[in-house]
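Trainee: For reference, the chains in residue letters:
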Amino acid sequence: MNNRQKKNIQPTALWTAPSIVMLLCLTVIPLLMLLVFSFMNHNIFAGQPWPGWTFDNITRMVQSDTFWRLLGKSLLIAGVVTLICILAAYPAAWAIAKVVKPQNRSIFMMVVILPFFTSQLLLIYAMMNLLQSGGLLLTMLEALGIQAETLLYTNKATVLVLTYEYLPYMILCLYSSLEGIGDNLIQASLTLGASKWKTFTNIVFPMSVPGLLSGILLVFVPVAGSFMEPGLVGGANGAMVGSMIDTQYSGSLNMGYGAALSCTLLIVLSIIMGLTRLATARAQRSIGGDME
Amino acid sequence: MKINKRFLAAALSALMMLGLCSCGGGSDTTEDTAADPSKPYAGHTLYVANWQGYNSDADYCEKAFEDATGCAVEHVYFNSYEELMTTLMTGGNQTIDAVVLSNNYTQWFHEEGLIMNVDPALIPNYELVADVYKDLAPYAVDEEGNLFAFPWCNGTSSIAYNPDYVDFEIEHWSDLLDPRLTGHVMVLNGDGDDWVIGCLLAGEDSDDIENVDIEKVRAALMELKGQLLGFWATNDEQIMPWLAGDFWAGEIWSGPYTELINNPDTNIKLVHPEEGTVGYIDYWSIVEGTDEFDLACEWINWIESTEQQTAMATGVSEAYPGDYFTYTPINAEAINNLTDEQKVILQLDPMPTTIKLLPYIADPELKDQWTDLYQEFVS
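Sequence lines, in order, name chains A and B.
Read in order, the letters of the first sequence are residues 1 to 292 in our numbering.
Read in order, the letters of the second sequence are residues 1 to 379 in our numbering.
By construction, these hints were calculated from the structure, which means they are not laboratory data.
The C-beta atom is built at its ideal place from N, Cα and C for all residues, glycine as well.
Check each hint, because a few of them may be wrong.
[As the list claims (entries may be wrong)] Straight-line alpha carbon distances no greater than 20 Å define the calculated EDC-like cross-link-like pairs of lysine to aspartate or glutamate that follow: (1) B:K225 with A:D183; (2) A:K73 with B:E376; (3) B:K367 with A:E142.
[Said to hold, decoys possible] So the derived label-pair ranges between C-beta atoms look like this: (4) B:M351 with A:K156: 39 to 45 Å; (5) B:Y165 with A:K101: 51 to 57 Å; (6) B:M351 with A:L35: 33 to 39 Å; (7) B:N262 with A:A88: 52 to 58 Å; (8) A:W53 with B:E111: 49 to 55 Å.
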């Protein structure tokens with residue numbers, strides 16, 4: 001009897017149970033709560049126990065010029081940061097994966113992930129110290145006879161700091177893809193007469209797309225929702241949509257409106273990521289690769 | 001075995017007797033203390049709600065009050081005023097007797113019927129409150145003239161400027177619009193402060209925010225925005241750009257001001273504009289339905305006394321020594337007793353003449369309008 005019961009238990013299914021519970025508790029339920037809160041009045045946790053249902057949050061959001069302007073700006077900044085990260089990370093990841101000797105790769109990988117050992121806030125403050133008037137950067141430029149104004153408190157500073165913070169994610173993702181491309185494939189392509197560019201577009205790029213997509217996901221999404229960096233280094237016009245959402249929770253205590261804004265950002269980001277995936281798959285097919 | 005059982009029974013009996021005796025002894029002690037006219041509240045417990053570590057749970061305040069009155073003081077800590085409101089609404093008022101509230105929350109709690117009107121005659125030390133902090137409507141006094149909140153300590157965010165970079169006198173908020181300051185002005189990234197500054201720039205009264213012309217305030221804030229280097233939210237965000245020479249003039253908190261005035265590498269001058277200084281006052285109020293009303297009055301009277309206010313302002317208590325934070329007092333005698341240096345640190349030199357408190361907006365629709373304005377300003 002006991003043996004029969006034991007046979008019915010699927011150990012692999014049981015092992016996934018903690019992950020499923022965690023996913024449910026930390027992702028699915030909070031997302032559902034966010035959706036429900038979007039249709040609730042003002043501060044959910046204060047005052048009257050049941051604040052009531054409303055469409056006002058959605059109406060207010062649709063009518064808010066500030067929200068749409070900030071959303072557009074956030075997506076633009078996220079796009080720029082992601083693009084810079086891709087351009088900077090590709091050569092770095094390629095060098096670590098293909099140029100550096102295998103026994104030295106771990107040293108370079110350690111250098112890439114070194115900033116993760118410090119808190120994000122400290123990284124931002126370090127960049128502020130570098131960029132501010134009288135900081136290292138301007139002092140060095142002055143020593144070279146170049147008169148320049150501080151980048152700090154501008155949108156350029158926001159892009160710079162966000163790129164600095166998220167570049168390692170892109171390098172790691174691309175490295176994992178590029179490292180898996182066999183050297184013999186590249187060698188065969190070159191031997192058969194393909195140019196380096198043709199080899200890149202027909203072999204390297206298609207095979208690196210999964211890593212590239214992961215990198216885009218890990219950079220674009222958090223950058224679009226960031227609020228700390230623009231607040232600290234972006235100056236008077238630095239705010240992004242994340243700042244507006246943050247205000248609803250930490251300042252105005254209007255959680256219903258904050259949830260509506262968060263849901264919209266989430267939906268917009270999901271659509272963009274879906275379109276990116278489709279576009280990449282199409283581009284990959286057109287150059288003869290296969291995304292999967 | 002029998003011996004053991006007997007021994008156990010005897011031991012338990014002895015323990016019970018001891019317990020009973022100690023209980024009896026305890027009540028005798030209480031009676032003795034209660035009979036002591038200098039300890040009129042022996043056996044009573046006062047429940048007070050405050051932020052953890054915010055002065056009233058320090059020994060020189062809590063323990064000193066217990067020693068003086070014979071009562072026990074129990075602190076109930078909260079993390080937000082919304083949380084406190086929920087606690088009181090769901091029956092917390094059966095245990096909490098007095099609460100700390102910031103001025104932009106006092107009206108809300110009063111209108112919800114959570115805090116009560118108190119005759120100022122029951123708080124004799126209220127007479128000692130400096131005029132600038134006293135009887136402030138609508139934060140502490142309602143339209144019928146009822147007093148429901150007693151000032152305790154306060155803070156101001158005035159204008160500071162660096163004479164090394166600014167070669168003219170700044171006296172008013174409108175001076176921040178001078179083209180010579182363009183790109184070097186900073187203000188707090190906070191809705192209440194920005195509303196008040198907008199009102200001051202537009203010549204509107206933030207104490208009557210329901211009747212303010214919001215479009216005039218919007219125009220004033222947008223003009224100010226053109227002058228801004230950025231917004232700050234923490235001490236570091238004020239000190240770093242100030243020391244780097246990027247932040248020349250603007251709103252400043254007392255903490256960074258104290259640090260900068262003591263820094264030999266920089267220069268700073270504080271101005272309390274006559275039209276108004278942005279400020280907040282933290283109040284004590286008595287919870288509606290308390291069964292310790294007299295003791296709560298005694299507590300507020302104690303906390304507003306010159307002795308307590310001086311200890312709070314200086315962080316020094318001879319009877320209860322410790323390492324205490326300092327806060328700006330509201331008691332006129334305590335303010336007068338401060339040294340010149342202490343007054344500078346507490347932003348009381350120069351003394352503000354008009355304090356414009358962070359406003360409370362009751363109407364949700366109006367609050368949304370003002371929040372949208374704030375969002376537009378900081379975006």
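Trainee: Indicate, hint by hint, whether the structure satisfies it.
Mentor: Verification of the hints:
In summary, the hint linking K225 of chain B to D183 of chain A is not supported, as the alpha carbons are separated by about 57 Å, beyond the 20 Å threshold. Taken as a hint, the K73 of chain A and E376 of chain B pair is honoured in the structure, with Cα atoms around 14 Å apart against an allowance of 20 Å. With a C-alpha separation of about 49 Å, the suggested pairing of K367 of chain B with E142 of chain A is violated against the 20 Å cut-off. At roughly 43 Å, the beta-carbon separation of M351 of chain B and K156 of chain A lies within the given 39 to 45 Å, and the hint holds.
Hint check: Y165 of chain B to K101 of chain A, Cβ distance near 54 Å, so the stated range 51 to 57 Å holds. For the hinted restraint 33 to 39 Å between M351 of chain B and L35 of chain A, the CB-CB distance of approximately 52 Å leaves it violated. Between N262 of chain B and A88 of chain A the Cβ separation comes to about 43 Å, which falls outside the hinted range of 52 to 58 Å. About 24 Å separates the C-beta atoms of W53 of chain A and E111 of chain B, a value inconsistent with the hinted range of 49 to 55 Å.
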